[in-house]
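Produce the entire structure from the sequences given, and follow the hints as far as they go.
Chains as they are written, first to last, in the working numbering: chain A, 11 to 415; chain B, 11 to 415.
The hints are simulated quantities; they were obtained by calculation from the structure and are not laboratory data.
Keep in mind that this is a model prediction, so the values were computed, not measured.
Check before you lean on any hint, since a few could be wrong.
Remember, identical chains collapse to one label, so a pair may be satisfied in a single copy or spanning two.
Computed list of lysine-lysine pairs in DSSO-like fashion (alpha-carbon distance at most 30 Å, straight line) [stated by the list, open to error]:
| hint | residue 1 | residue 2 |
| --- | --- | --- |
| 1 | Lys52 | Lys358 |
| 2 | Lys52 | Lys323 |
| 3 | Lys53 | Lys139 |
| 4 | Lys348 | Lys400 |
| 5 | Lys68 | Lys394 |
| 6 | Lys247 | Lys358 |
| 7 | Lys81 | Lys68 |
| 8 | Lys323 | Lys247 |
| 9 | Lys348 | Lys247 |
What follows is each chain in one-letter form.
2 protein chains.
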Amino acid sequence: MVEIKVKRWLKQSFIMENFQFQCPTRIVFGRGVENLVGEEVKKYSDKVLLHYGGGSIKRIGLYDRVVESLKSVGVRFIELPGVKPNPRLSLVRKGIEVCRSSGVDFILAVGGGSVIDSAKAISVGVPYKGDVWDFYVDRAEPAEALPVGVVLTIPGAGSEASSSSVITNEEDWRKLSLTTELLRPRFALMNPEVTFSVPPYHTACGAADIMSHVMERYFTNVRHTDLTDRLCEATLKTVIRNVPIALREPENYDARAEIMWASTVAHNDLLGTGRIGDWATHVIEHELSGLYDVPHGAGLAVLFPSWMRHVYKHRVDIFVQFAVRVWGVEPDFQDPEKTALEGIEMLKSFFKRIGLPTTLRELGVPEDRLEEMALRCTDSGGSKIGSFVKLGKEDVLSILRNARG
Amino acid sequence: MVEIKVKRWLKQSFIMENFQFQCPTRIVFGRGVENLVGEEVKKYSDKVLLHYGGGSIKRIGLYDRVVESLKSVGVRFIELPGVKPNPRLSLVRKGIEVCRSSGVDFILAVGGGSVIDSAKAISVGVPYKGDVWDFYVDRAEPAEALPVGVVLTIPGAGSEASSSSVITNEEDWRKLSLTTELLRPRFALMNPEVTFSVPPYHTACGAADIMSHVMERYFTNVRHTDLTDRLCEATLKTVIRNVPIALREPENYDARAEIMWASTVAHNDLLGTGRIGDWATHVIEHELSGLYDVPHGAGLAVLFPSWMRHVYKHRVDIFVQFAVRVWGVEPDFQDPEKTALEGIEMLKSFFKRIGLPTTLRELGVPEDRLEEMALRCTDSGGSKIGSFVKLGKEDVLSILRNARG
Numbered sequence: 011m012v013e014i015k016v017k018r019w020l021k022q023s024f025i026m027e028n029f030q031f032q033c034p035t036r037i038v039f040g041r042g043v044e045n046l047v048g049e050e051v052k053k054y055s056d057k058v059l060l061h062y063g064g065g066s067i068k069r070i071g072l073y074d075r076v077v078e079s080l081k082s083v084g085v086r087f088i089e090l091p092g093v094k095p096n097p098r099l100s101l102v103r104k105g106i107e108v109c110r111s112s113g114v115d116f117i118l119a120v121g122g123g124s125v126i127d128s129a130k131a132i133s134v135g136v137p138y139k140g141d142v143w144d145f146y147v148d149r150a151e152p153a154e155a156l157p158v159g160v161v162l163t164i165p166g167a168g169s170e171a172s173s174s175s176v177i178t179n180e181e182d183w184r185k186l187s188l189t190t191e192l193l194r195p196r197f198a199l200m201n202p203e204v205t206f207s208v209p210p211y212h213t214a215c216g217a218a219d220i221m222s223h224v225m226e227r228y229f230t231n232v233r234h235t236d237l238t239d240r241l242c243e244a245t246l247k248t249v250i251r252n253v254p255i256a257l258r259e260p261e262n263y264d265a266r267a268e269i270m271w272a273s274t275v276a277h278n279d280l281l282g283t284g285r286i287g288d289w290a291t292h293v294i295e296h297e298l299s300g301l302y303d304v305p306h307g308a309g310l311a312v313l314f315p316s317w318m319r320h321v322y323k324h325r326v327d328i329f330v331q332f333a334v335r336v337w338g339v340e341p342d343f344q345d346p347e348k349t350a351l352e353g354i355e356m357l358k359s360f361f362k363r364i365g366l367p368t369t370l371r372e373l374g375v376p377e378d379r380l381e382e383m384a385l386r387c388t389d390s391g392g393s394k395i396g397s398f399v400k401l402g403k404e405d406v407l408s409i410l411r412n413a414r415g
Numbered sequence: 011m012v013e014i015k016v017k018r019w020l021k022q023s024f025i026m027e028n029f030q031f032q033c034p035t036r037i038v039f040g041r042g043v044e045n046l047v048g049e050e051v052k053k054y055s056d057k058v059l060l061h062y063g064g065g066s067i068k069r070i071g072l073y074d075r076v077v078e079s080l081k082s083v084g085v086r087f088i089e090l091p092g093v094k095p096n097p098r099l100s101l102v103r104k105g106i107e108v109c110r111s112s113g114v115d116f117i118l119a120v121g122g123g124s125v126i127d128s129a130k131a132i133s134v135g136v137p138y139k140g141d142v143w144d145f146y147v148d149r150a151e152p153a154e155a156l157p158v159g160v161v162l163t164i165p166g167a168g169s170e171a172s173s174s175s176v177i178t179n180e181e182d183w184r185k186l187s188l189t190t191e192l193l194r195p196r197f198a199l200m201n202p203e204v205t206f207s208v209p210p211y212h213t214a215c216g217a218a219d220i221m222s223h224v225m226e227r228y229f230t231n232v233r234h235t236d237l238t239d240r241l242c243e244a245t246l247k248t249v250i251r252n253v254p255i256a257l258r259e260p261e262n263y264d265a266r267a268e269i270m271w272a273s274t275v276a277h278n279d280l281l282g283t284g285r286i287g288d289w290a291t292h293v294i295e296h297e298l299s300g301l302y303d304v305p306h307g308a309g310l311a312v313l314f315p316s317w318m319r320h321v322y323k324h325r326v327d328i329f330v331q332f333a334v335r336v337w338g339v340e341p342d343f344q345d346p347e348k349t350a351l352e353g354i355e356m357l358k359s360f361f362k363r364i365g366l367p368t369t370l371r372e373l374g375v376p377e378d379r380l381e382e383m384a385l386r387c388t389d390s391g392g393s394k395i396g397s398f399v400k401l402g403k404e405d406v407l408s409i410l411r412n413a414r415g
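What follows is the structure, encoded as structure tokens:
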């Protein structure tokens, strides 16, 4: 891979990182775009797997519109519903079987991040001779994938244009991710109206997920990332402004549109260009939602402020910038740490304001398995997670304990 | 095209526009990336047209590195140097002939916007039976194009990831543009070090071009474009901060890197998603640089503040936002127009500060053909240009006259 060669030239200093960026996913955004799904699918296939979750897409009429559009251009489809939040490996394996036995060569995901991640897992599993879980535990690297298309219903995960998929294995409740360019969907049809019916709590969880995708990239050791710093701040401010509006007025098209587009921009890797992200909070959260099946966004809302308090002294400057530029905190030039802490408090109180838990207690997570989670995500204490500050088992445990409430 | 169908649902109100966005250009960014050019080209072709301008790429050693990289992977090439700023139709036609007669099926542009635009024109001309100029005067639409790759040397035009090409016809000195997704380069190799030798004046011209690409999109009649407003502001602020640094310290990698990446982000269409751009200033400037062969960025620096003063009353709110968020002007709540005008003055004085002309006089453009230019860009006064405010011949003339100085 070219990546290796490029990386040779760096690491000497704190300059902007060399990077590669390509996001070929075709975005079609706006009112009514779900009706174009047949036309878009037809470019790739005549026989697809229609993958979705429960009944919500039927309740809002989206299922009917999608089916009608597919039929109108003669695309046949086999249905595989039943994707749950924190999507399961067993359904992925079933989807792989269905695709193989029926000769399906395209997967259409109609749903949010869970449905899309499940579809992506199926897409790499079908052409692979071994078990798809191999890819998630780093036992194998995928060489090919079926194409995937998306009709997005819940913004947050950003999976509609990302290169990753997160799957939960019910055998041991490990929740693991796979990242490869093969996983970028071919297209994403995004109609903000479809999100009018997303309930307040899930709207807020989506917001925390979007903000976390930005913040995981924002807090970096790389210096001189002026443009991407500002693009990150722009995306955060958009979410902060529009989520309270969408909660007050669920059918406010403009607010829903801003949130939906922000979710894609936050996670298609543009905001990470030239920087090295951290991702420790995501790793810890995956233990949480793997074991307790809590919504990913809610877990992130609990953990992010606690992570921040654990690491902010490592680079007070970037936390001051976060406080001042994102939250409008007036900087305390005599005592920058105060400003840094004020920014963290602003984040926490924003999460509260939009109805999210900010403690493990509120999240309904008991205290008895914190140590187990800290061990699991650090390979029994033998490895470290994160990049901004490398965290060992004791660090993770401390972050979890400080999040108890 | 899907575009037409999507557009049916809009236009009822001021909501965010439906949009499609896809920028498949692969960006490889950082120190040394020009040495990967052979590897990148090889994915597409074994025999390419090597298209460039004058001697500058030889002086800085870039030509040798590119040639060595091509040779190392066995890619043969035919050279076509000689691209001038405001690239000429005659050389495009010559390039088309060279490609046809030698069986070249890939065009490698090593240069700035002029070289890339010329390469793009050749790429659509080769497979077309008629004259390539047909595409620029809307007599025909291109159906196919040869693939184009880029090694970027001057940031500004954004052509490395854009869907457009601007060519000057020396027969009547018309400078016209063509926009189609076929024109997106397959890859762009961007090493900020290569731009260390860009002279101050051309660095500043590039900055004005980048800022103009953002501002053409920013000033829109579409409401509720919160995310893209902020992404635009982020990009402008990055340029405003880093260009003075690059002028003071031409070999400051960080500043050059920020400017280079901003140039791509400003014009790959992300910042236009959901909005309708204006582009009147670009149209007027094309008359200027078509007739007088002035650098595009310098022409824009002269015209943009004049255009702004002509139209700002149409939407004082967005000009206030521009002044406050981009330039840090303290808003005058009692008299918002004052704030709007202050923002325009800030832009003008920034252009002055970085060494650009802000009057036609300084640009060396005489007064005798202003009326002719106003007529030419409005189809002899029969049509209007722009979208934010539609401008007729008298408007254009007024903007030109107010820019005289």
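How would you label the pair Lys247, Lys358 (within, between, both, or neither) given a Cα cut-off of 30 Å?
-> Both: 15 Å inside a copy, 28 Å across copies.
When no copy is named, should Lys52 and Lys323 be tagged within, between, both, or neither for a Cα gap of at most 30 Å?
-> Cα proximity of Lys52 and Lys323: none, with 53 Å in one copy and 48 Å across.
Have a look at Lys53 and Lys139 and pick one of within, between, both or neither, based on CA distance no larger than 30 Å.
-> Both, since 27 Å and 27 Å are each at most 30 Å.
Check Lys348 against Lys400 for me: Cα-Cα at most 30 Å, and say if that holds within a copy, between copies, both or neither.
-> within (24 Å within a copy, 51 Å between copies)
At most 30 Å between C-alpha atoms: does Lys348 with Lys247 qualify within a copy, between copies, both, or neither?
-> Cα proximity of Lys348 and Lys247: in one copy and across copies (21 Å, 26 Å).
Using 30 Å as the alpha carbon limit, work out where Lys52 and Lys358 are close: within a copy, between copies, both or neither.
-> neither (46 Å within a copy, 51 Å between copies)
Which holds for Lys68 with Lys394 at a C-alpha limit of 30 Å: within a copy, between copies, both or neither?
-> Neither way: Lys68 and Lys394 sit 44 Å apart in one copy and 47 Å across, limit 30 Å.
Between the shortest in-copy and the shortest cross-copy C-alpha distance, which are at most 30 Å for Lys323 and Lys247: within, between, both, or neither?
-> both (24 Å within a copy, 27 Å between copies)
Can you give me the call for Lys81 and Lys68, within, between, both or neither, at a CA distance of at most 30 Å?
-> Only inside one copy: Lys81 and Lys68 sit 17 Å apart there, 58 Å across copies, limit 30 Å.
Figure legend: structure checked against the earlier numbered hints; hints not met, in rising order: 1, 2, 5.
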